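K.L.:
Residue-level listing of the chains:
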Amino acid sequence: MELSGAKILIESLKHEGVEYIFGVNGGAAMPIFDALYDHPDVKLIMMRHEQGASHAADGYARATGKVGVTLATSGPGATNLVTGIATAFMDSIPMVAITGQVFTHLMGNDAFQECDVIGVTRPVCKHSYLIKSGDEVAEVVAEAFHIASTGRPGPVVVDFAKDAQIHESLFRYPEKVNIRSYKPKVDGHPRQIAKAVELIHNAERPIIYAGGGVTLANASEELRELATKTGIPITVTLMGLGAFPETHPLAMEMPGMHGSCCANYAFTDSDLVIAVGARFDDRVTGDLTKFASRAKKIHIDIDASCIGKNVPVDVPIVGDAKRVLTEMNRLVHRVDIEPWMRQINEWKEQYPFEYQQKGDKIMPQYVIEQIYDLYSDAIVVGDVGQHQMWAAQYFKFTEPRQWLNSGGLGTMGFSLPAAIGAQIGCPDQTVVNINGDGSYIMTIQELVPAITMKLPLKIFIINNMYLGMVRQWQELFHQKRYAAVDYHDNPDFAQLAEAFGATGIRVERIEDVRPALEKAKGVDDGPVVIDFIVDEEENVFPMVPAGAGLGDVIRGLA
Amino acid sequence: MTEERHIFSVLVENRFGVLARIAGLFSGRGFNIDSLNVAETDDPAVSHMTIVTHGDAQIIEQIYKHLNKLIDVIKVIDLTLENHVEREIVLIKVHAEPQRRGEILQIVEIFRAHTVDVGPDSLIIEVTGDEGKLKAAIDLLRPYGIQELVRTGKIAIMRGVTR
Numbered sequence: 001m002e003l004s005g006a007k008i009l010i011e012s013l014k015h016e017g018v019e020y021i022f023g024v025n026g027g028a029a030m031p032i033f034d035a036l037y038d039h040p041d042v043k044l045i046m047m048r049h050e051q052g053a054s055h056a057a058d059g060y061a062r063a064t065g066k067v068g069v070t071l072a073t074s075g076p077g078a079t080n081l082v083t084g085i086a087t088a089f090m091d092s093i094p095m096v097a098i099t100g101q102v103f104t105h106l107m108g109n110d111a112f113q114e115c116d117v118i119g120v121t122r123p124v125c126k127h128s129y130l131i132k133s134g135d136e137v138a139e140v141v142a143e144a145f146h147i148a149s150t151g152r153p154g155p156v157v158v159d160f161a162k163d164a165q166i167h168e169s170l171f172r173y174p175e176k177v178n179i180r181s182y183k184p185k186v187d188g189h190p191r192q193i194a195k196a197v198e199l200i201h202n203a204e205r206p207i208i209y210a211g212g213g214v215t216l217a218n219a220s221e222e223l224r225e226l227a228t229k230t231g232i233p234i235t236v237t238l239m240g241l242g243a244f245p246e247t248h249p250l251a252m253e254m255p256g257m258h259g260s261c262c263a264n265y266a267f268t269d270s271d272l273v274i275a276v277g278a279r280f281d282d283r284v285t286g287d288l289t290k291f292a293s294r295a296k297k298i299h300i301d302i303d304a305s306c307i308g309k310n311v312p313v314d315v316p317i318v319g320d321a322k323r324v325l326t327e328m329n330r331l332v333h334r335v336d337i338e339p340w341m342r343q344i345n346e347w348k349e350q351y352p353f354e355y356q357q358k359g360d361k362i363m364p365q366y367v368i369e370q371i372y373d374l375y376s377d378a379i380v381v382g383d384v385g386q387h388q389m390w391a392a393q394y395f396k397f398t399e400p401r402q403w404l405n406s407g408g409l410g411t412m413g414f415s416l417p418a419a420i421g422a423q424i425g426c427p428d429q430t431v432v433n434i435n436g437d438g439s440y441i442m443t444i445q446e447l448v449p450a451i452t453m454k455l456p457l458k459i460f461i462i463n464n465m466y467l468g469m470v471r472q473w474q475e476l477f478h479q480k481r482y483a484a485v486d487y488h489d490n491p492d493f494a495q496l497a498e499a500f501g502a503t504g505i506r507v508e509r510i511e512d513v514r515p516a517l518e519k520a521k522g523v524d525d526g527p528v529v530i531d532f533i534v535d536e537e538e539n540v541f542p543m544v545p546a547g548a549g550l551g552d553v554i555r556g557l558a
Numbered sequence: 001m002t003e004e005r006h007i008f009s010v011l012v013e014n015r016f017g018v019l020a021r022i023a024g025l026f027s028g029r030g031f032n033i034d035s036l037n038v039a040e041t042d043d044p045a046v047s048h049m050t051i052v053t054h055g056d057a058q059i060i061e062q063i064y065k066h067l068n069k070l071i072d073v074i075k076v077i078d079l080t081l082e083n084h085v086e087r088e089i090v091l092i093k094v095h096a097e098p099q100r101r102g103e104i105l106q107i108v109e110i111f112r113a114h115t116v117d118v119g120p121d122s123l124i125i126e127v128t129g130d131e132g133k134l135k136a137a138i139d140l141l142r143p144y145g146i147q148e149l150v151r152t153g154k155i156a157i158m159r160g161v162t163r
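Line by line, the protein sequences give chains E and Z. Quick note: the first sequence uses the working numbering, first residue 1, plus one each step. Quick note: the second sequence uses the working numbering, first residue 1, plus one each step.
Bear in mind the hints are in silico, worked out from the structure with no lab data behind them. Just so you know, not all the hints are guaranteed correct.
Said to hold, decoys possible - Calculated cross-link-like contacts (lysine to any residue; reagent style SDA-like; alpha-carbon spacing at most 20 Å): (1) E:309 / Z:59; (2) Z:75 / E:127; (3) E:183 / Z:64; (4) Z:65 / E:218; (5) E:176 / Z:72; (6) E:322 / E:173; (7) Z:69 / E:186; (8) E:296 / Z:58; (9) Z:75 / Z:41; (10) E:185 / Z:75; (11) Z:65 / E:311; (12) Z:69 / E:551; (13) Z:75 / E:152; (14) Z:75 / E:312.
As the list claims (entries may be wrong) - Here are a few chain E residues that sit away from chain Z, every Cβ distance over 12 Å (derived from the structure): (15) 17; (16) 128; (17) 186; (18) 247; (19) 308; (20) 318; (21) 347; (22) 449; (23) 555.
Remember, it's a predicted structure, so these values are computed and weren't measured experimentally. Glycine residues also receive a C-beta, built at the ideal position from the N, C-alpha and C atoms.
Excised from the complex, chain Z in its bound form:
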């Protein structure tokens, strides 16, 4: 069976140990986590997780079922099957000698990115977007020398009416 990437949107009780239960489920059963993002929702009693994973159809079904089985999990949606929007932020500390700053700032402009910090010979750039945009921005900045790179992992939300 072919492997596919899936994005799960998981609503959980905002409680002690929930993250460990989710992480333990993936590690214990040999499922993969490509990225995991957790934060409070509008309701402080509820947290939202966006979990990006991959596997064949049978594994993805098992992941869905096992997530649902955890007592603290309120709702699981496989966003891959839904019309959704996904975003990720990356912070890139790029080597920037004064004479090359102009070129870098042009790239920042093109990607509608932001320069969030300026150092004597480096810039920190924030890029927001989907996977393709982030990859393109990183590829263009790489020749200047990326000193450090931090990503948030994906967050995603379904378009239209929430069921």
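Next comes chain E alone, as it looks inside the complex:
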């Protein structure tokens, strides 16, 4: 049977197991939205801004491990997606972003709402396709999903000309995808694995450094086995939190700029770093010349270009983390590192994450502690800024895909729409959105679809009336010149939530924090927004200043 290109697209998505598409309608994508209008299996989640749609698809992908799908029209619709595509790209999230494009005969003519989307998105996506004819659709979709979800995952852009959406052709979905130029290497080289195991067995001060790649490879079980079988202490990055339970005795918590002193000192003193699905990001390593300078490095990554990019590596292993760790776990045994463990435990005891209560102010860390106490099983979606770091420090994540945040691009505004995607993907789980006052207002419009769909999101705003992280840097490095960070003109977020149609609660006193969080638990017919008015000038510590070595961590202001 002949179908329009738009219908072939939707049938192809169905073949890929897609249940939800997050999108915003517009002229050049109308045939696609029309094909979705009464489709029984593929449902459209109507967002209010394309950036929100892309983050929602991203949050869905992070929470479920499936490919997230976002859909927008040409021109401004497509450019609004770019931040979401770049966010997914930096964190290696599998996503397919579909954009309408003007008629092929108008392309290149500066037509109404025309934009060279392939050109604009080229540096921020894994791959891209331009569909100019209806009979290319099925093959492009099959390839796009294959590329997005295999190897190092990432977003794939599919730009779809309007005449190709309308043009009818025969629908046949390819049974197999075979791209001769794309064959990701998944099995680690046995000799390299053997070398790694030998280094592990001979190390005196080894640490495991695991990142988001472990979660992406669904390898957290294997990671747990490696740590517990060898008895090697482990630090998990912001992107990997939950891949190893923070409550485990071997856990040293997050490393890097706002990581634990223990993890950072352990890097500095270690003689072997076993990196798994982590990319030696500058926020983790600090000054590279001082980073783990006494340690040999084993680096397991599916992306060969990640290995040796920032740090010279002694044993590179290109492969899928799950497969490589499975092989390694067969060969490793317990290592005798008792003095090293004593040192690690001493650091842990001596330098836990801690804060000082200031008078009767609500301390942001206290709010996070209370959230953790009441919502320890929830999926937590963090935004970007101080609250993100406090959430990473004070919420003890125990499961992979429990903590979702924009770690690489650091996209403010990510969390509310991403929480919507997570809730759609995991309807039986509680989804908590920990947001900042600055980031919340960047995508606040997405409260509308959350209310319409009666999603029981718990939206907790850590409101310090500042762009807090920037203010902190200004306090420490710019002589307290608080340029363009004062957000005291914020609206009353509780009243605003009520105006949208959600439940809004404003909390200004310590004794109201816990009751409000408890009350939020009972709200299940839609989102609840709690605006926590916290101490305005609290800083995130510990802190390794940009450009300093991990050993030069500032533990707090005297």
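With the hints as your guide, set chain Z onto chain E.
P.N.:
Structure of chain Z alone, referenced to chain E:
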């Protein structure tokens, strides 16, 4: 680390946008392109690129890995590490008054170059060869007055059996 010149031979799918992806990779990551040559191979579905670049060992490794990472790239060979042949063509429009033509044509002869066009007071000369030969020819012609010069950029191929 010391900088070295490397020649990459890159087979790519002959598809819309491939050149932009390669060029974007170099510009986006701050790698250098000294010359770039693209054309169809014997198989019209495949194009061949010869990319001359430079950088220290770490940069060259990154270039190699990032080229391989592009979906449309079929194969990358660092020819610098292999026994290979390289060639480049240069077209030189040189000022040539009738009385000096003889001298110029002698140079053309010595370099086994060709005169491809004759004008009232200029000649267009085509020289094919490796970098050293081209440089020598250009240096000898310069005193006559080079009006315009166009190079193809290097093309290169591995000697012996293709793996």
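K.L.:
Please confirm whether residue 247 (chain E) is truly not at the interface, meaning its C-beta sits more than 12 Å away from all C-beta atoms of chain Z.
P.N.:
holds (37 Å)
K.L.:
Does the structure keep residue 75 (chain Z) and residue 312 (chain E) at a Cα separation of 20 Å or less?
P.N.:
Cα-Cα ~25 Å, so violated.
K.L.:
Need the status of pair residue 65 (chain Z), residue 218 (chain E): alpha-carbon distance at most 20 Å?
P.N.:
violated (25 Å)
K.L.:
Within a Cα-Cα threshold of 20 Å, do residue 322 (chain E) and residue 173 (chain E) meet the stated pairing?
P.N.:
violated (30 Å)
K.L.:
Given the hinted pair residue 69 (chain Z) and residue 551 (chain E), is their alpha-carbon gap at most 20 Å?
P.N.:
violated (35 Å)
K.L.:
Keeping to a limit of 20 Å between CA atoms, is the pair of residue 185 (chain E) and residue 75 (chain Z) held or broken?
P.N.:
OK: residue 185 (chain E) and residue 75 (chain Z) at ~15 Å, within 20 Å.
K.L.:
Evaluate the condition: distance from the CB of residue 308 (chain E) to the nearest CB of chain Z exceeds 12 Å.
P.N.:
violated (6 Å)
K.L.:
Just double-check residue 128 (chain E) for me: nearest Cβ-Cβ distance to chain Z has to come out over 12 Å.
P.N.:
violated (8 Å)
K.L.:
Is the nearest Cβ of chain Z still more than 12 Å from the Cβ of residue 347 (chain E)?
P.N.:
Holds, since 33 Å exceeds 12 Å.
K.L.:
Need the status of pair residue 296 (chain E), residue 58 (chain Z): alpha-carbon distance at most 20 Å?
P.N.:
Cα-Cα ~18 Å, so holds.
K.L.:
For the pair we were handed, residue 75 (chain Z) and residue 127 (chain E), check the Cα-Cα distance against 20 Å.
P.N.:
Given pair residue 75 (chain Z), residue 127 (chain E) holds - Cα atoms ~17 Å apart, limit 20 Å.
K.L.:
Is the straight-line distance between the alpha-carbon of residue 69 (chain Z) and that of residue 186 (chain E) 20 Å or less?
P.N.:
OK: residue 69 (chain Z) and residue 186 (chain E) at ~14 Å, within 20 Å.
Hint compliance for this structure: hints 4, 6, 12, 14, 16, 19, 20 are not met, and every other hint is.
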